[in-house]
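Engineer: With the hints as extra help, turn the sequences into a complete structure.
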Amino acid sequence: MSLPFPEGTDQSSLSAVDTDTNGSVWVYGGYADAAGEYFPTLFRGNADGSGRWTLLPADTGLNWVSKLKAGPGGVYAVGDGISRFDGIAWTRQSMPPKLDGAMFDGIAIRATTNEVWAAGYMRDETLWRRPVIVRYDGRSWSAVRTPAETGQLSDITFDGSGRPLAVGESLDPAVSQNGNYVLTPGPRGSLTHDEEPPGAGYLYAAATDSTGRIWTVGGAAGAEGGIPPSAYAGIRR
2 MSLPFPEGTD
12 QSSLSAVDTD
22 TNGSVWVYGG
32 YADAAGEYFP
42 TLFRGNADGS
52 GRWTLLPADT
62 GLNWVSKLKA
72 GPGGVYAVGD
82 GISRFDGIAW
92 TRQSMPPKLD
102 GAMFDGIAIR
112 ATTNEVWAAG
122 YMRDETLWRR
132 PVIVRYDGRS
142 WSAVRTPAET
152 GQLSDITFDG
162 SGRPLAVGES
172 LDPAVSQNGN
182 YVLTPGPRGS
192 LTHDEEPPGA
202 GYLYAAATDS
212 TGRIWTVGGA
222 AGAEGGIPPS
232 AYAGIRR
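Numbering (the working numbering) for the sequence shown: 2 to 238.
Hints listed in this document are in silico derivations from the structure and should not be mistaken for laboratory results.
Treat the hints loosely; a few may be bogus.
Derived Cβ-Cβ restraints for the label pairs, each shown as a range [unchecked claim]:
#	residue 1	residue 2	range
1	Gly213	Trp65	30 to 38 Å
2	Thr127	Ala33	25 to 33 Å
3	Gly227	Asn23	36 to 44 Å
4	Met2	Thr127	13 to 21 Å
5	Trp142	Arg164	17 to 25 Å
6	Thr127	Val18	16 to 24 Å
7	Thr113	Thr193	33 to 41 Å
8	Ser95	Thr193	23 to 31 Å
9	Gly213	Asn115	40 to 48 Å
10	Leu100	Pro5	19 to 27 Å
The beta-carbon is built from N, C-alpha and C at its ideal position, and this holds for glycine as well.
Structural biologist: As structure tokens, then:
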């Protein structure tokens, strides 16, 4: 399947994709022209594979995009910030106080409320990186309380009851001996680090199946020099 990059494209790449409930697929990437100048691109096509691609505005206001999420409020892009496409133009989202500069790798929409949640990290002089989760209620973004400890989040999803679960990694053995990092709801609305999937090391992605079970993937425990000994996949029932 080929996408209709502009004439004169010399090099191209794609970095994020998602589908919506209306039968469309959204694809984000970029291309360089013959002069070496780079341009971001956003395509919308038919999710059944029949194509009919439309090239849409792609100036997210972000320096890089790691993931797209299509929902009732538009299409969201996360990377070195969060941006929303309303079908006409992109608007970079205003983050809560003290979260300017946060990096995001995961985004999910809570089906029961249509809230948008994003997960990532902030650089920290003491902790190196600390976990960050933000939530959009349709009006504004707010920070969800996370532990003040070394950790970074790569993805977020919701279980069958609509409770969030975020996964990532920690390089502090006092936080996680095997490197896996999982946050789940704790008392008074905060997220806590109380779960350690057996055999898991660094975790990079999570997804919820139709029964509400959560699947996580990443590297197995026992990494040396940051390199896991093997792949890991696990299920949370």
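Engineer: Each hint should be assessed against the structure and marked as holding or not.
Structural biologist: Here is what the structure says about each hint:
1. At about 32 Å, the CB distance of Gly213 to Trp65 agrees with the hint of 30 to 38 Å.
2. Taken as a hint, the range 25 to 33 Å is violated for the pair Thr127 and Ala33, whose Cβ atoms sit roughly 40 Å apart.
3. Between Gly227 and Asn23 the C-beta distance comes to about 41 Å, which sits within the given range of 36 to 44 Å.
4. Under the hint 13 to 21 Å, the C-beta atoms of Met2 and Thr127, about 47 Å apart, miss the expected range.
5. The beta-carbon spacing between Trp142 and Arg164, approximately 20 Å, falls within the hinted interval of 17 to 25 Å.
6. For Thr127 and Val18, the hinted distance range of 16 to 24 Å is not satisfied, since their beta carbons lie about 37 Å from each other.
7. A hinted range of 33 to 41 Å is violated for the C-beta pair Thr113 and Thr193, which are about 21 Å apart.
8. Range check, Ser95 to Thr193: about 27 Å between beta-carbon atoms, so the 23 to 31 Å window is met.
9. Range check, Gly213 to Asn115: Cβ separation about 18 Å, and the 40 to 48 Å hint is violated.
10. The hint said 19 to 27 Å for the Cβ distance between Leu100 and Pro5, and at roughly 37 Å that hint is violated.
Violated hints, listed in ascending order, are 2, 4, 6, 7, 9 and 10; each of the other numbered hints is respected by the structure.
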